[in-house]
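J.: Below are the chains, spelled out letter by letter.
There are 6 protein chains.
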Amino acid sequence: MKGLLVSTIKRNDDENHPIIKEVYQDIKQSRNTTYIGNFWRYLAFDPDLLKNVWTDIKNIMVKETIIPNKTKEMIYMAVSITNNCSYCIHSHTAAAKKLGMTSEEHSEFLNIIALAAKTNQLVNGIQVPVDEIFNVDIEN
Amino acid sequence: MKGLLVSTIKRNDDENHPIIKEVYQDIKQSRNTTYIGNFWRYLAFDPDLLKNVWTDIKNIMVKETIIPNKTKEMIYMAVSITNNCSYCIHSHTAAAKKLGMTSEEHSEFLNIIALAAKTNQLVNGIQVPVDEIFNVDIEN
Amino acid sequence: MKGLLVSTIKRNDDENHPIIKEVYQDIKQSRNTTYIGNFWRYLAFDPDLLKNVWTDIKNIMVKETIIPNKTKEMIYMAVSITNNCSYCIHSHTAAAKKLGMTSEEHSEFLNIIALAAKTNQLVNGIQVPVDEIFNVDIEN
Amino acid sequence: MKGLLVSTIKRNDDENHPIIKEVYQDIKQSRNTTYIGNFWRYLAFDPDLLKNVWTDIKNIMVKETIIPNKTKEMIYMAVSITNNCSYCIHSHTAAAKKLGMTSEEHSEFLNIIALAAKTNQLVNGIQVPVDEIFNVDIEN
Amino acid sequence: MKGLLVSTIKRNDDENHPIIKEVYQDIKQSRNTTYIGNFWRYLAFDPDLLKNVWTDIKNIMVKETIIPNKTKEMIYMAVSITNNCSYCIHSHTAAAKKLGMTSEEHSEFLNIIALAAKTNQLVNGIQVPVDEIFNVDIEN
Amino acid sequence: MKGLLVSTIKRNDDENHPIIKEVYQDIKQSRNTTYIGNFWRYLAFDPDLLKNVWTDIKNIMVKETIIPNKTKEMIYMAVSITNNCSYCIHSHTAAAKKLGMTSEEHSEFLNIIALAAKTNQLVNGIQVPVDEIFNVDIEN
Numbered sequence: 091m092k093g094l095l096v097s098t099i100k101r102n103d104d105e106n107h108p109i110i111k112e113v114y115q116d117i118k119q120s121r122n123t124t125y126i127g128n129f130w131r132y133l134a135f136d137p138d139l140l141k142n143v144w145t146d147i148k149n150i151m152v153k154e155t156i157i158p159n160k161t162k163e164m165i166y167m168a169v170s171i172t173n174n175c176s177y178c179i180h181s182h183t184a185a186a187k188k189l190g191m192t193s194e195e196h197s198e199f200l201n202i203i204a205l206a207a208k209t210n211q212l213v214n215g216i217q218v219p220v221d222e223i224f225n226v227d228i229e230n
Numbered sequence: 091m092k093g094l095l096v097s098t099i100k101r102n103d104d105e106n107h108p109i110i111k112e113v114y115q116d117i118k119q120s121r122n123t124t125y126i127g128n129f130w131r132y133l134a135f136d137p138d139l140l141k142n143v144w145t146d147i148k149n150i151m152v153k154e155t156i157i158p159n160k161t162k163e164m165i166y167m168a169v170s171i172t173n174n175c176s177y178c179i180h181s182h183t184a185a186a187k188k189l190g191m192t193s194e195e196h197s198e199f200l201n202i203i204a205l206a207a208k209t210n211q212l213v214n215g216i217q218v219p220v221d222e223i224f225n226v227d228i229e230n
Numbered sequence: 091m092k093g094l095l096v097s098t099i100k101r102n103d104d105e106n107h108p109i110i111k112e113v114y115q116d117i118k119q120s121r122n123t124t125y126i127g128n129f130w131r132y133l134a135f136d137p138d139l140l141k142n143v144w145t146d147i148k149n150i151m152v153k154e155t156i157i158p159n160k161t162k163e164m165i166y167m168a169v170s171i172t173n174n175c176s177y178c179i180h181s182h183t184a185a186a187k188k189l190g191m192t193s194e195e196h197s198e199f200l201n202i203i204a205l206a207a208k209t210n211q212l213v214n215g216i217q218v219p220v221d222e223i224f225n226v227d228i229e230n
Numbered sequence: 091m092k093g094l095l096v097s098t099i100k101r102n103d104d105e106n107h108p109i110i111k112e113v114y115q116d117i118k119q120s121r122n123t124t125y126i127g128n129f130w131r132y133l134a135f136d137p138d139l140l141k142n143v144w145t146d147i148k149n150i151m152v153k154e155t156i157i158p159n160k161t162k163e164m165i166y167m168a169v170s171i172t173n174n175c176s177y178c179i180h181s182h183t184a185a186a187k188k189l190g191m192t193s194e195e196h197s198e199f200l201n202i203i204a205l206a207a208k209t210n211q212l213v214n215g216i217q218v219p220v221d222e223i224f225n226v227d228i229e230n
Numbered sequence: 091m092k093g094l095l096v097s098t099i100k101r102n103d104d105e106n107h108p109i110i111k112e113v114y115q116d117i118k119q120s121r122n123t124t125y126i127g128n129f130w131r132y133l134a135f136d137p138d139l140l141k142n143v144w145t146d147i148k149n150i151m152v153k154e155t156i157i158p159n160k161t162k163e164m165i166y167m168a169v170s171i172t173n174n175c176s177y178c179i180h181s182h183t184a185a186a187k188k189l190g191m192t193s194e195e196h197s198e199f200l201n202i203i204a205l206a207a208k209t210n211q212l213v214n215g216i217q218v219p220v221d222e223i224f225n226v227d228i229e230n
Numbered sequence: 091m092k093g094l095l096v097s098t099i100k101r102n103d104d105e106n107h108p109i110i111k112e113v114y115q116d117i118k119q120s121r122n123t124t125y126i127g128n129f130w131r132y133l134a135f136d137p138d139l140l141k142n143v144w145t146d147i148k149n150i151m152v153k154e155t156i157i158p159n160k161t162k163e164m165i166y167m168a169v170s171i172t173n174n175c176s177y178c179i180h181s182h183t184a185a186a187k188k189l190g191m192t193s194e195e196h197s198e199f200l201n202i203i204a205l206a207a208k209t210n211q212l213v214n215g216i217q218v219p220v221d222e223i224f225n226v227d228i229e230n
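From first to last, the protein sequence lines are chains B, F, L, G, A and R. Under my numbering, the first residue of the first sequence is numbered 91, with each subsequent residue one higher. Under my numbering, the first residue of the second sequence is numbered 91, with each subsequent residue one higher. Under my numbering, the first residue of the third sequence is numbered 91, with each subsequent residue one higher. Under my numbering, the first residue of the fourth sequence is numbered 91, with each subsequent residue one higher. Under my numbering, the first residue of the fifth sequence is numbered 91, with each subsequent residue one higher. Under my numbering, the first residue of the sixth sequence is numbered 91, with each subsequent residue one higher.
Among these hints, one or two may not hold up.
It does not matter which identical chain is used: a pair holds within one copy or between any two.
Taking lysine-lysine pairs in the DSS-like style, the calculated list, with each CA pair at most 30 Å apart, reads [what the hints assert, rightly or not]: (1) K153 / K187; (2) K100 / K160; (3) K118 / K160; (4) K188 / K141; (5) K100 / K148; (6) K141 / K111; (7) K153 / K118; (8) K188 / K118; (9) K187 / K141; (10) K153 / K111; (11) K118 / K100; (12) K187 / K148.
These are calculated hints, taken from the structure and not from any lab test. It should be emphasised that the depicted structure is a prediction, and the values quoted were computed from it without experimental measurement.
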């Protein structure tokens with residue numbers, strides 16, 4: 091086995107820092123879990139950034155809003171896959187499954203993102219010009 | 091105004107080629123529209139490719155399946171935005187709106203994809219290692 | 091001239107919405123300008139998102155911190171160029187120039203980002219494995 | 091453990107080839123080190139390419155120029171993170187640390203690149219049009 | 091060793107499903123091999139998608155067409171490297187080698203893709219406007 | 091028409107600078123043309139960078155080597171399309187056509203890059219682990 095999978099900063103396992111403590115407690119309570127994943131433990135390198143990111147995740151992804159949480163996770167998966175962020179793909183696929191994404195939905199999802207990548211590439215390769223019909227200032 | 095927005099191939103406006111004719115009729119019927127956008131008119135440069143792409147779009151995006159069509163378009167938007175495919179962003183945002191995506195949902199969507207891009211970048215910058223808990227062979 | 095450069099949402103020119111008003115006043119004051127660019131005027135589509143983004147920009151990019159503001163803008167430029175975000179490239183290059191980036195520094199910057207893109211591509215093409223020496227848990 | 095981390099070409103450990111020998115000696119002397127990383131040892135697959143890349147790195151990144159070397163490495167990191175080139179992220183983060191990047195600067199850096207990725211994604215999602223004020227031919 | 095390399099779906103080793111069986115037999119026969127790689131075994135999660143992808147690969151990459159198969163694999167490699175898809179880089183580099191790509195050609199290839207990435211980045215950094223001469227509607 | 095297509099630096103039309111003069115003469119002679127495209131005229135902002143890039147282009151793309159020049163341009167196109175560098179897509183598609191790329195080859199090329207983008211996305215979505223068979227240290 092060649093090659094290493096390591097981080098560029100040290101994982102911060104100090105759970106006594108007041109901001110880290112507060113964020114971890116909120117994660118555990120809001121998500122009804124006892125597990126704090128590596129993403130948070132590494133972000134804890136910068137407690138203010140940890141809090142900033144968690145606040146966004148809580149407000150946008152955890153809170154019930156108009157778009158169902160399972161759908162939100164699938165949109166998040168689509169971005170993460172296109173950016174090829176391995177950790178993010180794993181954590182958000184797991185989250186979508188936990189929120190009820192079935193194998194059938196996962197299959198449909200994979201078909202959609204594969205087709206999108208294919209047509210994106212064709213449009214870029216051809217440099218298809220945008221139709222006037224898509225001008226929202228005219229359209230709306 | 092400097093700079094040109096042109097394509098690398100000529101738009102094919104021949105609607106009499108049998109494959110092109112068949113595909114355009116199917117698009118008009120399946121989507122209940124009379125408008126054939128630039129994407130199709132440029133793809134018509136290669137009628138077999140036109141048919142191949144339309145068949146995928148029809149089966150995956152137009153046909154009613156488990157994931158609602160509006161949600162499918164939002165997943166497609168997420169990929170297209172991350173790839174910064176301008177034409178695709180316009181056409182699929184228009185499609186999602188036509189299928190009922192409201193301004194509120196569009197706002198939520200923008201919040202989700204912006205947050206995903208931010209956390210993807212943080213994970214890549216830190217090179218956060220994947221947690222063992224995400225191993226589907228253990229988990230499932 | 092073929093092709094359109096339009097947005098997917100309408101520019102919001104309502105400056106009387108309390109959040110929009112507050113953010114615009116803060117932008118004008120913090121940046122000592124009277125000009126509110128398109129980025130903010132389109133984000134105003136979602137006043138809460140506008141405020142969220144401005145708060146981040148103000149704290150990270152406008153406030154004096156350890157990394158000089160000119161350098162921060164050059165790091166921002168590097169990300170925006172690699173993501174090929176045309177608007178962002180323009181606005182942050184203009185910001186770096188306003189903060190004193192000279193033509194010579196701009197040249198050096200272009201040399202650095204071009205070289206980085208070249209070696210990134212080589213490393214990906216070869217799939218060079220990470221050296222053990224880069225393991226921060228051993229190293230630090 | 092599933093999955094392999096291997097390269098697509100064999101590492102070239104021949105240090106007697108005249109070009110390889112010359113480049114390695116120059117790396118050791120210019121950087122005051124005895125360690126030749128995997129990047130160079132794999133590039134040695136093509137000695138002319140090895141020399142071409144090292145010449146660029148030496149002139150742009152190692153030589154003292156207007157932009158301080160630590161800042162150059164941070165710009166290089168920004169590109170490498172956005173391209174998600176794992177090896178490059180590790181080697182240039184290590185280089186920036188060696189040149190004095192502190193934990194506080196690393197934190198600020200992570201905040202900047204995360205914010206840039208977020209606003210890049212928003213701009214692409216909205217397709218914000220470039221302001222006339224950014225036209226350098228008018229402005230300058 | 092930290093970090094995991096796992097998939098988000100379980101590998102499907104059921105070779106008795108009629109579609110999977112048919113596709114695997116066709117792969118073995120068309121490619122004159124007994125080995126079915128992980129790509130196919132994971133795609134088998136969705137037998138229809140497996141068949142859809144294999145049909146495309148067979149028609150475009152395996153069938154003899156105008157562009158020689160070795161060249162096709164090198165074009166495929168170029169896309170996969172730019173997308174940093176590790177599995178794809180490995181499998182298509184192996185395919186190109188099997189079709190006769192020599193070390194000299196591999197070297198030239200690496201030089202080309204590295205130069206392309208470098209000039210792409212410069213063009214994006216500078217935002218070079220497209221010359222009128224590239225307008226195919228005028229030119230052709 | 092909204093939106094601007096402008097550069098971040100001014101086009102340098104000074105043809106008397108000794109390096110610029112030498113490079114332009116070499117471009118005209120090596121390529122048997124009288125036209126100097128925008129890419130070179132903007133790069134002339136930094137004459138040393140202009141010369142560095144032209145030297146690479148001349149040695150790798152213009153000089154006759156093992157890979158035919160038309161094929162080289164198609165590999166360059168594949169990278170540029172995947173990076174969505176509009177200028178680069180236009181200039182290298184024009185170059186490939188000038189070197190004899192036919193409409194049929196252009197069609198095949200578009201099919202290949204579209205399929206590559208699709209399978210790259212599927213592999214990333216599934217996080218398919220690399221097969222042991224692709225380990226060059228075992229294989230070769």
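J.: Compare the structure with the hints numbered earlier in the document and write down the numbers of the violated ones, lowest to highest.
T.: Violated hints: none at all, because every hint is consistent with the structure.
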